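Novice: Respectively, the protein sequence lines represent chains A and B. Residues 1 to 470 in the working numbering are what the first sequence spells out, letter by letter. Residues 1 to 313 in the working numbering are what the second sequence spells out, letter by letter.
In case anyone wonders, no lab produced these hints; they're calculated from the structure. Don't take every hint at face value.
What the hints assert, rightly or not - Below, a list of computed lysine-lysine pairs in the DSS-like style, where the Cα atoms sit at most 30 Å apart: (1) A:Lys448 with A:Lys382; (2) A:Lys34 with B:Lys261; (3) A:Lys79 with A:Lys333; (4) A:Lys79 with A:Lys195; (5) A:Lys448 with A:Lys37; (6) A:Lys333 with A:Lys34; (7) B:Lys128 with A:Lys35; (8) A:Lys37 with B:Lys218; (9) A:Lys186 with A:Lys35.
In this text, all values refer to a predicted model and were calculated from it rather than measured experimentally.
Residue-level listing of the chains:
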Amino acid sequence: MPFDEMFGHGEHPRQPYQTYSDWFQSENSRSLRKKAKEAERAFRRTGITFNVYGREEANERLIPFDIVPHILSNREWQKLSEGIEQRVLALNAFLHDIYHRQEILKAGRIPREMISQNAAFEPKMIGVDPPGGIYTHIVGTDIVRTGEDEFYVLEDNARTPSGVSYMLENRETMFEMFPDLFIRHKVCPVSTYPKRLRRSLAACAPSACTDKPVVAVLTPGIHNSAYFEHSFLADEMGAELVEGHDLRVVNGRVAMRTTQGYMPVDVLYRRVDDAYLDPLNFNPDSVLGVPGIMDIYRAGGITIANAPGTGIADDKAIYSYMPDIVEFYTGEKAKLPNVPTWRCSDPDSLAYVLDNLEDLVVKEVHGSGGYGMLVGPAASRKEVAAFRAKLQAKPDGYIAQPTLALSTVPIFTNQGLAPRHVDLRPFVLVSPNGVDITPGGLTRVALKKGSLVVNSSQGGGTKDTWVLES
Amino acid sequence: MMLGKTAGGLFWMCRYLERSANNARLIEAGSRMAMTRADASDAEWISVLSTANALDGYNERHDEINRTHAIDYMLRDRTNPSSVMSVVDAARNNARMVRVALTREVWEAVNDTWMRLKEALARQVSEKDLPNVLELIRQQSAQVRGALHGTMLRNDIFNFCRIGTFLERADNVARILDVKYYVLLPSVSMVGSSIDNFQWETILRSAAAERSFAWLNKESGPRAISEFLILDQRLPRSLAFCYINLARNLANLEAEYGETKPCQAICANILQRLTTTDIDAIMEEGLHEFLTRLINDNNGLGTQIEEDYRFAY
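With the sequences and hints as input, model every part of the structure.
Specialist: In structure tokens form, the structure reads like this:
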């Protein structure tokens, strides 16, 4: 049996869930079911929907919300946030290093070809000094748990992590539905996130900025699956929400077209991938980006968050080197361990992976969103065979990990509480003033019994995440 | 500071919302007319479709003009860019684009409109349900209007919303009058027959002005009704009312931005036409000529506003 965060391995609630469990016992399950339905209506009305990639019609779907919170004690959170802070600082140091002196390669801690042959390495960033020295302004570190004291980092989302709007709206929904719960518990607030984000971004303003920094959010547009989040964040931060065609280079600055003419932007929180950022410097067919923005960036005319080229740091093959990376730049052992990872580019590892496919999770090095992966224990023979062929054809495109016994948190079903696997993505802000982690995060939960895939694009749901103040 | 794209999104959101309510009223008026005058029902649907600028599109889709097809085309057909469903879709897409400029109340009212109509218009609407659906469209439009008036700051955002509303409304009222004028042309001399009175009252109904006209205690007929819909500054759907407000909203933008724009001169010119004339002079010029010129200039004003405030590129 996997570790359950509410009940451990037994029948009695663990300490952080004690008060919640008492409350739950005293509630009438029919009225809870009614509340759960109300929550769905509220989400639809506010328009928090999510377009699933690969569907013909712009199909707006809700990510299912479960009413049972994911609760962490303050002690657990302290441990996690120290580990995350260490890791994020190491990521930034690593990015600065590989785009400058490449000491880590010279020291032989990472093979040179891991960088030079990597599609996520961006040669145009070599020698560029991003404003404030920050590469990853916003990080979403995916954490999984297997026991009372066993946490692992599953992924370092260092490009454009999404989901923070759910952290905020899930909490609002809980406030509305169960105000009495928040009288019984002291839960750390998350609603400060947009202000913290703005402060953190403004602290990275470029040298060309002489006044109060102008911040804008760059979105691919209303058909993007995360558009709701883009507009939500712009709204909450008091920033403009722009698309590529609202921006152009004017007098050495990137400026947005307003009703009164062009006005310079200092910090651009872009939710557009590197490849689409600048048709002159990257993908020439992109209509989502701003021609020439990279030249302005290199000249210190604008801050791009996250910096172009950060994808190399959350590449799944680089991930396997994270313990070395943390040690190399901080001089300390990593406080949060990695999930053990086999790099299929290595012949011995490949042989092991091919022999044990049925027991492993195999992921594409550049994949995300739960697509293109094999969950060995859940796959049919046919699926395993098909994957084996793909893996043999292109071993360096894959990594493999053991199927961890991921922890569960109960969800509320028609039959009462039922354990489901979860993971947790806290949101981390980095600026020259330091690392700022909002206590909470996005808890994703697999809704199907036994399933390990929590991705919303694959039918997962979300929960509110509570960090208790004491 | 406002993005040009945002100004355009607000303007179009409100144009489309106004259009959805106008279309619902056209259908309602057409439907009543056709019921009372079986022999002329085809002609009635032709006039409804022409008023909505949808006759050519309809003819491409259907071989004959009849009530069922016409109502369906006007309400639900997505190949008709002016169907209620198409314009509510477009209004919501614009609202999503400009969401950062809207209060939560306005956004939720627009989103709620879209959700309810999507459900109500998922299948062909039966005769029995038609009154309820038309009622729903009107109510939703009132809900959005209430949220806009009750919660939005009176700044450039609000002014762009109002400008979109009044441009669309002016276009709609001018079209209703112009199309009906043509339909009724052979019978203008026969003023007084009950059927003609009914026709003219349909115009009032399409412009949601039948009650207020009755309060005036005037003899019904083309002259009085045209005067009411074109010149009466008390009627919120008259052309004069629309243009007094357009001029005011543009002046508000001028004050806020500290800049006079070319569109203001176009607006002032049309406003003058509507405030320094009387119905005799308009009839003298020819109602059709007067209205055609107004519809064209109203379009021209829209284009100039788009350019002056940098809605696109």
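Novice: Each hint: holds or not?
Specialist: Consistency of the hints with the structure:
Taking the CA atoms of Lys448 (chain A) and Lys382 (chain A), the gap is near 22 Å; set against the 30 Å cutoff, the hint holds. As the CA atoms of Lys34 (chain A) and Lys261 (chain B) are separated by approximately 55 Å, the hinted pair breaks the 30 Å bound. Proposed proximity of Lys79 (chain A) and Lys333 (chain A) is supported: the alpha carbons are some 14 Å apart, at most 30 Å. With a C-alpha separation of about 25 Å, the suggested pair Lys79 (chain A) and Lys195 (chain A) falls inside the 30 Å cut-off, and the hint holds.
Between Lys448 (chain A) and Lys37 (chain A) the CA atoms are separated by roughly 19 Å; this keeps the pair inside 30 Å, and the hint holds. Simply put, Lys333 (chain A) and Lys34 (chain A) have alpha-carbon atoms about 49 Å apart, too far for the 30 Å limit, and the pair is violated. With a C-alpha separation of about 35 Å, the suggested pair Lys128 (chain B) and Lys35 (chain A) falls outside the 30 Å cut-off, and the hint is violated. Of the pairs offered as hints, the one joining Lys37 (chain A) and Lys218 (chain B) is violated, with about 55 Å between alpha carbons and a cut-off of 30 Å exceeded.
Pair hint Lys186 (chain A) plus Lys35 (chain A) holds up; C-alpha atoms about 22 Å apart against a cutoff of 30 Å.
Hints 2, 6, 7, 8, counting from the list given before, are not met by this structure.
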